[in-house]
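First to last, the protein sequences are chains A and B. Heads up, this note's numbering is the position in the first sequence plus 9, with the first residue counted as 1. Heads up, this note's numbering is the position in the second sequence plus 187, with the first residue counted as 1.
Hints in this document: simulated from the structure, not taken from any laboratory. Just to be clear, a hint being listed does not mean it is correct.
Simulated DEER-style distance windows between Cβ atoms [claimed, not checked]:
1. A:A183 with B:F453: 21 to 29 Å
2. B:L288 with A:P306: 33 to 41 Å
3. B:T460 with A:P306: 35 to 43 Å
4. B:L288 with A:T380: 49 to 57 Å
5. A:D389 with B:N380: 53 to 61 Å
6. A:N127 with B:P474: 55 to 63 Å
7. B:R276 with A:D389: 43 to 51 Å
8. B:T358 with A:R190: 52 to 60 Å
9. B:Q321 with A:P306: 30 to 38 Å
10. A:A183 with B:L254: 42 to 50 Å
11. B:L292 with A:A143: 43 to 51 Å
12. B:G253 with A:P306: 23 to 31 Å
Some chain A residues close to chain B (C-beta under 8 Å, calculated; not the full set) [stated by the list, open to error]:
13. D53
14. A213
15. E250
16. E268
17. A271
18. R275
Since we're looking at a predicted model, the values are computed, not measured. The beta-carbon is built from N, C-alpha and C at its ideal position, and this holds for glycine as well.
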Amino acid sequence: MSPPRRHLLAAFGGLAAMPAARLRAQGSTLRIGVLTDMSGPYRDPTGMGSVVCTQQAVADFAGPLGLSVEVIQADHQNRPDTGSSIARQWYDQGVDAIVDVPTTSVALAVSGIARQKNKVFLNSGAASAELTGAACSPNTAHWAYDTYMLAKGTGAAVTRTGGESWFFVTADYAFGTVLQRDVTSFIEAEGGAVLGSVRYPFPATTDFSSFLLQAQASRAMVLGLANAGTDTANCIIQAREFGLARSMRLVGLLMSLSEVHALGLRAAQELLLTESFYWDLNDRTRAFAARVQPRMPNRAMPGAVHAGCYSAVAHYLKAAAALGPSVAELDGAAVLARMKAMPTDDDAFGPGRLREDGRKLHPAHLFQVKTPEESRGPWDYYKTIATTAAEDAFRPMQEGGCPLVRGPAL
Amino acid sequence: MDDIFGIPAPLLFGQLLLGLINGAFYALLSLGLAVIFGMLNVINFAHGAQFMMGAFVAWMLLEYAGLNYWWALILAPLLVGVFGVILERTMIARLYKLDHLYGLLLTFGLGLIIEGIFRNQYGSSGLPYRIPPQLSGAWDLGFMYMPVYRGWVVAVAVVMCIGTWLVIEKTKIGSYLRASTENAALVQAFGINVPRLMTLTYGAGVALAAFAGVLAAPIYSVNPQMGSNLIIIVFAVVVIGGMGSILGSVITGFGLGIIEGLTKVFYPEASATVIFVVMAIVLLARPAGLFGRA
Chain A
10 MSPPRRHLLA AFGGLAAMPA ARLRAQGSTL RIGVLTDMSG PYRDPTGMGS
60 VVCTQQAVAD FAGPLGLSVE VIQADHQNRP DTGSSIARQW YDQGVDAIVD
110 VPTTSVALAV SGIARQKNKV FLNSGAASAE LTGAACSPNT AHWAYDTYML
160 AKGTGAAVTR TGGESWFFVT ADYAFGTVLQ RDVTSFIEAE GGAVLGSVRY
210 PFPATTDFSS FLLQAQASRA MVLGLANAGT DTANCIIQAR EFGLARSMRL
260 VGLLMSLSEV HALGLRAAQE LLLTESFYWD LNDRTRAFAA RVQPRMPNRA
310 MPGAVHAGCY SAVAHYLKAA AALGPSVAEL DGAAVLARMK AMPTDDDAFG
360 PGRLREDGRK LHPAHLFQVK TPEESRGPWD YYKTIATTAA EDAFRPMQEG
410 GCPLVRGPAL
Chain B
188 MDDIFGIPAP LLFGQLLLGL INGAFYALLS LGLAVIFGML NVINFAHGAQ
238 FMMGAFVAWM LLEYAGLNYW WALILAPLLV GVFGVILERT MIARLYKLDH
288 LYGLLLTFGL GLIIEGIFRN QYGSSGLPYR IPPQLSGAWD LGFMYMPVYR
338 GWVVAVAVVM CIGTWLVIEK TKIGSYLRAS TENAALVQAF GINVPRLMTL
388 TYGAGVALAA FAGVLAAPIY SVNPQMGSNL IIIVFAVVVI GGMGSILGSV
438 ITGFGLGIIE GLTKVFYPEA SATVIFVVMA IVLLARPAGL FGRA
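Excised from the complex, chain B in its bound form (with noise of 0.2 Å):
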């Protein structure tokens, strides 16, 4: 057996599949956040919270409508999505003309106000969400016992995050939304209803948390914590690839999962910091980070 580093490559080669399994999440979650921010100058704290809604959203659609997985992988996304709508129009709509610190700290509240209703609601043990029949089972690659269900993620956020991209970069919509972060006020001035698009943009990023939230239900435990604990990391991720850049927090998602999952090899305590580590260094490079522009 061929040893890398003093570890058999089998092992190696799993844990790298991991990595970019747990950067799929990563790359998801700060997707919405960057969308957030790139269009809104927001920074949602309370995308942590809007994850943990959509596993919730997704165990209450199987428990008390009999809705599966599927459906919740379309309504969970939706539901939490016009969450998100209603508190841009009450509340988050008021601040865009303040300074970037009273979104955060609004969001920042909000987070944990629906974290504690949950942990209310639902006590802090977590409840159960079973992985569905067709994605059960896993495939054995040799150096590794590969769960259907992971490669499913992977593939499904590839996806979105490709499909988020396109839809910026390359539609009319997109363009719009790219020009009112420009210059919001000639915008509306062509007849475009910049108030409501950013409405939807925040609406989308939601959703795009709740989706990620629902794809991790059955592999973490559904609990009101979750995504508290997965959303300081997810920051980290988006300020390395530079605030507000779409292709940035997608790459650098995946990217870290993998150092990430390395370090989880050579030395397991440092799994936690090691992202901290590069933010460090990549802020005093470049201060804007990887993709971002000063």
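Isolated chain A, as found in the complex (with noise of 0.2 Å):
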């Protein structure tokens, strides 16, 4: 059987190296490539939505920084394995950036390899605040949020502003054990309690009533759900049902605005959440997001990851045309190093810096969905009810153990 399988690997290598060959020949051209979600469960928050924002930074400004980019895309499906060997391959034939790629093993792996290879890589899609702690690098910058981000601004807002006392929903694996405890911090911290907690298998839950019915009779004042996606809007559907929303108030430690959308108001209604962007904050962010819309999936308003990749993409290209597109296709860290010296400012995020650790600064906002009746048409599902500043809503430096900004040892 090895020749066909030979000539069939040979095919689709020649296949992905066409476009990289034909555009290495036009000279300086910038590549990015969006590595993303593009069939699992995290492509409505990411996935073609995270492309369309790249292309819209690129078309943004390309032009006036007097660059030629080109913009390419690929599916990891939240394999390590994949993501690597694409991230590995792209490099390899030019592609200057790799840009989004969430979930954190897939970050993870895609960050060694540009560091390997000194490339770019501006994440935006991946949740652990690893990518710019202990596993920092000086070739990877991260966007958007991060875990520390959700715990500090969802566990310490909803404790101050009157939800002392919780339990948690926990899927029994890293992400969310991690989160629980992240978020305990927090609460401990501004005087409130943990009354109790329960984790549950994951995946192959999906009824939570059980586990609802428990939280229901610890009488805390608020249901932290300490996990993502399908589980999340499967726990805040049947807590409506069983009547837990009346007595506690609801708290999603990683929600989106996709997933808001997806529940709909009527079971979302309520619900609290921490995001570093949505669409309606203010005029800059509803006209960045009145030029993407049109061209998202489905017509959906961006979310914060796909807001992300327009951001990073938009300051990546100024450093660039700072350095040179000669020079930032060579020195992927010089890049970097560039777009840490200036300032950041865009349409999705406003004013803000990148720091020495990679961490993108800025505010992070927790937000109330809106009720059906307060909703006034699509789209239209948050109010803010506090705000932390940019300084403040991301780990210290010196607390994340990043080696890059520890100093030479004397």
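If you follow the hints, you should be able to join the two separate chains into one complex; please do so.
The structure is reproduced here in structure tokens:
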């Protein structure tokens, strides 16, 4: 069977290599690869929307900056092995920057490859604060959000506004338990208490009513959902069904606009969640959303990860133009250093900066989902409850343990 | 307040009731699987996808045709059942003479394809579907707050299970079916169209899955993965009950729902595993399952 398989591989390799080879002939064209989830559970908050927003950043900035830019895309299927092999192939074939990459395990793998090949990695989709902590890299920047921002934005703000006792329903794997631990530390710092928690098997759980009943019996004021995606959606639908929403405040620790849209306002109303971007925050975010919406999948409004891709690529292009595209193609770390030296400013996040450890700083907002009566139209979903300033929203650099910021040993 | 094993009695009663409700879904789904396996000898791995299709068709009927839950409860199983008939005629029927494994692989592949198509079309986040107004609200049972809709699910599931059992065990068409599984050639010799009987059986099993999907739509998020999360457990239920045993799958479905419900209180981390522990023990002690014939 080996000859046909070899032919097949050669055919695939040839196909994948074609666009890059064609591009290389045109001289100093910057190539940006959007590596994202096109077919799995994260395709709505990331996926094609991330590609559209990357293209929008190119349309808005490449021309005025005098750059020639090409955008390509691929599906990493949330598998570190698939993601790594695409990233390696892309970088070898002349892709200068990889964008988005949801799913922490894939993001960590791509970050390592970017460093090894001295290219640029602009992450927007992954959640783990590790990317700018112990696993930070001079070639990686982390936009949009991270687990620390979610924990602080929700844990501290909800406790401060009267939600002093909590009960957690937690997905029993690394992400869920770490999120619960982080949020707990902020709750306790604000003088609140965690009355109990239940860890359910992930995946393989579809009915949460049993756990919700235990939460109800605890008489806690807040129900914290330390899970993501469909699990969160099922928890919210069933919490409403069993009448929990009357006695407890529901808090989604990782919720995005696309998930609120999927739940519908009737189920999601009054839910509390933290995000760094909402299309209807101000005139600039509205202008950005109006530009991209016509090309978004199903004409959805852009979410925080999509906006992160736009903002990261916009800033990358400015730094590349300042250095000169031929330098930018050769030295990824130099582009990142330049990005950190320049203040950021774009329609999605407004003014901000990229910190030495690669963390992008911008405010984090605690939102409450509107009731169907409050909502004035499609995608009018959030009202702002509290905003954490950019410098306070993320983990202080010294606490992250990033080797880049320790300074040389004496 | 009385405690039972350190758990307040009201909480425990609530959990037992919830276990029974989940058991209703397991029973309905495993019923369809058992019918298909018992009569056709096909392990229908597309069952989860067909359950999901039922929920999606309910959503589509509301979204595109304005037809409410009650219409969906009748139309969605019919439409998905017809889809099942087409699958059986064009593909599955060709595999009856081969080993079980071929049917399993074919239906597994079909399930993945169906899921992929729905994910491409409707995304992965899911779609909202409301509980019908006639069944919204809840009863205060004293020890728990019991949504009316959940009660309805249990009642309908029990009626459906008994109905299916009666059709297969007590009617003429049921006797034809049972006879054709024993000796298809002989039954055909009596002038009964066995291939058509097989097709209809597969369609009916698929329709049962879709019916469960419509029941699930208002309480679980309607999304392409909803079936694959449930189907593995349902397979364990069928194996424990005894492959192909109608009564076995129904009783095991409800029973395992209760066992799982209790595990969710005493040691929630193991609630997904407990069913497989039971399965392993049953297989060691009675390889044909609790109600299966060796």
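Practice prompt. Could you work out which earlier hints the structure fails to respect and list their numbers in ascending sequence?
Written response: No hint contradicted; all consistent.
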